[in-house]
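*Asks:* So the protein lines, in turn, are chains A and B. According to numbering that gives the first Met the number 0, the first sequence is numbered sequentially starting from 0. According to numbering that gives the first Met the number 0, the second sequence is numbered sequentially starting from 0.
These are computed hints drawn from the structure, not numbers from a lab. Careful, some of the hints might be misleading.
Cross-link-like lysine-lysine pairs, in silico, DSSO-like; alpha carbons within 27 Å at most [to be verified]:
no., chain 1, residue 1, chain 2, residue 2
1, B, K154, B, K104
2, A, K240, A, K186
3, A, K240, B, K132
4, A, K240, B, K133
5, B, K154, B, K183
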Amino acid sequence: MKTWTRIASFLVALAALSGICAGAFALLDYQWQWRQAASYWRVLWDGWLTTVGISALALPLSCLVGLIFATVRRSPWMPLRDMARIYVELTRGTPLLVQLFIYWYAFGQKLSTDYRLLAGALILSLFEGAYISEIFRAGIEGISASQLETARALGFTRGQTYRYVIFPQALRQSLPPLAGQFASIIKDSSLLSVLGIAEFSLAASQVNAVTYTTFELYLPIAFGYLILTLPISLWTQHLEKRSRFET
Amino acid sequence: MHLSLDNLSKSFGENRVIDGVTVDFGELRSLALIGPSGGGKSTLLRIIAGLEPADSGSITLDGHQLGTDEDSLRQHRLQLGVVFQAYNLFPHLTALANITLPLEKVHGLAPDAAEQLAREMLGRFALADHAHKKPAELSGGQKQRVAIARAIAIKPRLLLFDEPTSALDPEMTAEVLDVIEELKNEGRDFLLVTHEMGFARHVADHVAFLAKGRIIEHGPAKELFANPQSRECRDFLARILRH
Chain A
0 MKTWTRIASF
10 LVALAALSGI
20 CAGAFALLDY
30 QWQWRQAASY
40 WRVLWDGWLT
50 TVGISALALP
60 LSCLVGLIFA
70 TVRRSPWMPL
80 RDMARIYVEL
90 TRGTPLLVQL
100 FIYWYAFGQK
110 LSTDYRLLAG
120 ALILSLFEGA
130 YISEIFRAGI
140 EGISASQLET
150 ARALGFTRGQ
160 TYRYVIFPQA
170 LRQSLPPLAG
180 QFASIIKDSS
190 LLSVLGIAEF
200 SLAASQVNAV
210 TYTTFELYLP
220 IAFGYLILTL
230 PISLWTQHLE
240 KRSRFET
Chain B
0 MHLSLDNLSK
10 SFGENRVIDG
20 VTVDFGELRS
30 LALIGPSGGG
40 KSTLLRIIAG
50 LEPADSGSIT
60 LDGHQLGTDE
70 DSLRQHRLQL
80 GVVFQAYNLF
90 PHLTALANIT
100 LPLEKVHGLA
110 PDAAEQLARE
120 MLGRFALADH
130 AHKKPAELSG
140 GQKQRVAIAR
150 AIAIKPRLLL
160 FDEPTSALDP
170 EMTAEVLDVI
180 EELKNEGRDF
190 LLVTHEMGFA
200 RHVADHVAFL
210 AKGRIIEHGP
220 AKELFANPQS
230 RECRDFLARI
240 LRH
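Just need the whole structure built from these sequences, with the hints factored in.
*Replies:* Written out as C-alpha cells, the structure is:
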C-alpha cells in the first residue's frame with residue numbers, strides 16, 4: 000500500500016511537471032526537427048563517451064588530491080598546513096572557468112592534442128580536490144579525541160592510527176557529501192569545452208552551429224548528464240539513510 | 000608491581016592538577032585511587048599510563064624510570080592495558096576486531112592466532128555470541144567487558160582502570176566489577192580509579208586518597224577505610240558513605 004502511494008505520488012508529480020513543460024513549449028510555437036538533430040547522433044555519442052572518460056579519470060584523481068591536502072592540513076609542520084590551506088581557499092574562491100584558462104595557458108597549451116583530455120581531467124581534479132579535501136577534513140575531525148587516545152594507549156603508531164582508526168571512519172562519514180561532489184564533477188566537466196575538448200556539451204554546441212536545433216540537442220544532453228548523476232544522487236540518499244541508522 | 004612517584008607535577012594552564020607528588024607505594028598487587036572529583040585521580044592514572052606527559056618529576060615502575068620521549072612512552076604503553084570510563088571501543092570494528100587489531104598490528108600476532116586468542120577472551124567474559132557485533136549493538140556492560148578483554152588480551156604487566164563503571168547502571172556495574180574481581184583473584188596487578196568505595200575496599204590491597212593534586216594519605220585498604228588519618232579523607236568518606 001505504502002509503496003503504491005509512493006509510486007502514484009511520483010507519477011502525478013512527474014505528469015504535472017511534464018504538462019507544464021509541454022505547455023511552455025506549445026506557447027513557444029517551436030518547430031521540432033528531431034530528425035535533423037538525430038542524424039548527428041554519432042557526434043553526441045562520442046561526446047558523451049568523452050564526458051564519461053573525463054569523469055572516470057577525475058573521480059579517483061580528485062579523491063587523491065583531496066586526501067593529500069586533507070592529510071597535509073594535519074601535518075605537524077605549520078608552513079605545510081598553511082600551504083594546503085592557502086591552496087584550498089584560492090581554489091574554492093575562484094571560478095573553475097578562470098582556473099581552467101590560467102592552468103591551460105600556463106601549462107597546457109604546449110601539449111599535443113592527445114594529452115588535452117588528460118590535462119583537462121587533471122585541472123578539473125585539482126579544482127574538485129580542494130572541495131573533497133574539506134569533506135575529508137570534516138570526516139577526520141569528526142573522530143573523537145578519545146579514539147585517538149585509545150589508539151595511543153594500545154600502542155599504535157601515528158601511521159597505524161591513520162590507517163586503521165581514522166581513515167576507515169572518516170571515509171564512511173565522508174561518503175554522502177563525497178557522492179554529491181561526484182555529481183558536481185560530472186557536471187563541471189562540461190566547462191572543459193572551453194579548452195576545445197570535445198566532450199558532451201561541446202559536441203552539442205558544434206552540432207547546433209550547423210543545425211540550429213537547440214532544444215533537440217540540449218534536451219538529450221540534459222538527459223545524458225542525468226543518466227550519470229541521478230544514480231549518484233540516489234546512492235547518496237541511500238548512504239545518508241544508512242549512516243543515520245548506524246550512529 | 001612496585002610504583003613510586005618523585006615530585007610529580009602537572010598543570011593545565013593555571014590549574015595545578017598534580018602538585019608535587021612524592022610517594023613510594025612499595026610492592027603491591029592492586030592500588031585504588033579515590034578522592035573528590037577534580038582531585039587529580041584520572042590525570043595521575045593518565046600520566047602513569049604514558050598518555051599525558053608530566054611537567055616535572057618522574058615515575059618509577061618496577062625499577063624502571065619512565066622515559067619522556069615518544070618512543071619509550073610508546074614502548075611503555077604497549078605493555079599496559081587501559082580501560083576507560085567511556086569504554087572507547089572503535090565503533091567501526093566488531094567486538095572481535097577491536098581485540099584482534101592491536102594484537103595483529105602492535106603485537107605482531109598472526110591473524111589466526113590473534114583471532115583464536117580474541118575468541119578465547121570473549122568466551123571467558125561470556126561474550127562469545129557477540130563477537131561479530133559492533134559496539135553500537137552492545138549494552139554498556141558488554142562494551143566495557145569487551146574493552147577489558149581487549150586490555151588483557153595483550154597480556155599487560157599492569158592494568159589501569161579509569162572509572163570503569165561510572166557510565167553504567169547498577170546491574171551493569173556489578174557485571175563489570177565481577178570481572179575486575181576475577182582478574183584480581185587471578186593475581187593480575189592493577190591500578191583503579193573509582194567512585195565505588197565499597198568495591199575499592201573489597202578489591203584493592205592498597206588505597207590512596209587524592210585531593211587538590213596531592214596524595215593526602217595512603218595505606219592498606221582495610222586500614223584506610225576503617226581509620227582514615229587525615230581530616231580531608233574522613234570528611235570525604237563521611238560525605239560519600241552518608242547516602
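*Asks:* Compare the structure with each hint and give your call.
*Replies:* Verification of the hints:
1. B:K154 to B:K104: This hinted pair holds, its Cα atoms lying about 15 Å apart.
2. A:K240 to A:K186: 24 Å, holds
3. A:K240 to B:K132: Between A:K240 and B:K132 the Cα gap is close to 20 Å, so the pair holds against 27 Å.
4. A:K240 to B:K133: Distance ~18 Å between A:K240 and B:K133 Cα, so the pair holds.
5. B:K154 to B:K183: Holds, because 14 Å separates the two Cα atoms, which is no more than 27 Å.
Violation of the numbered hints given earlier is absent; every hint is satisfied by the structure.
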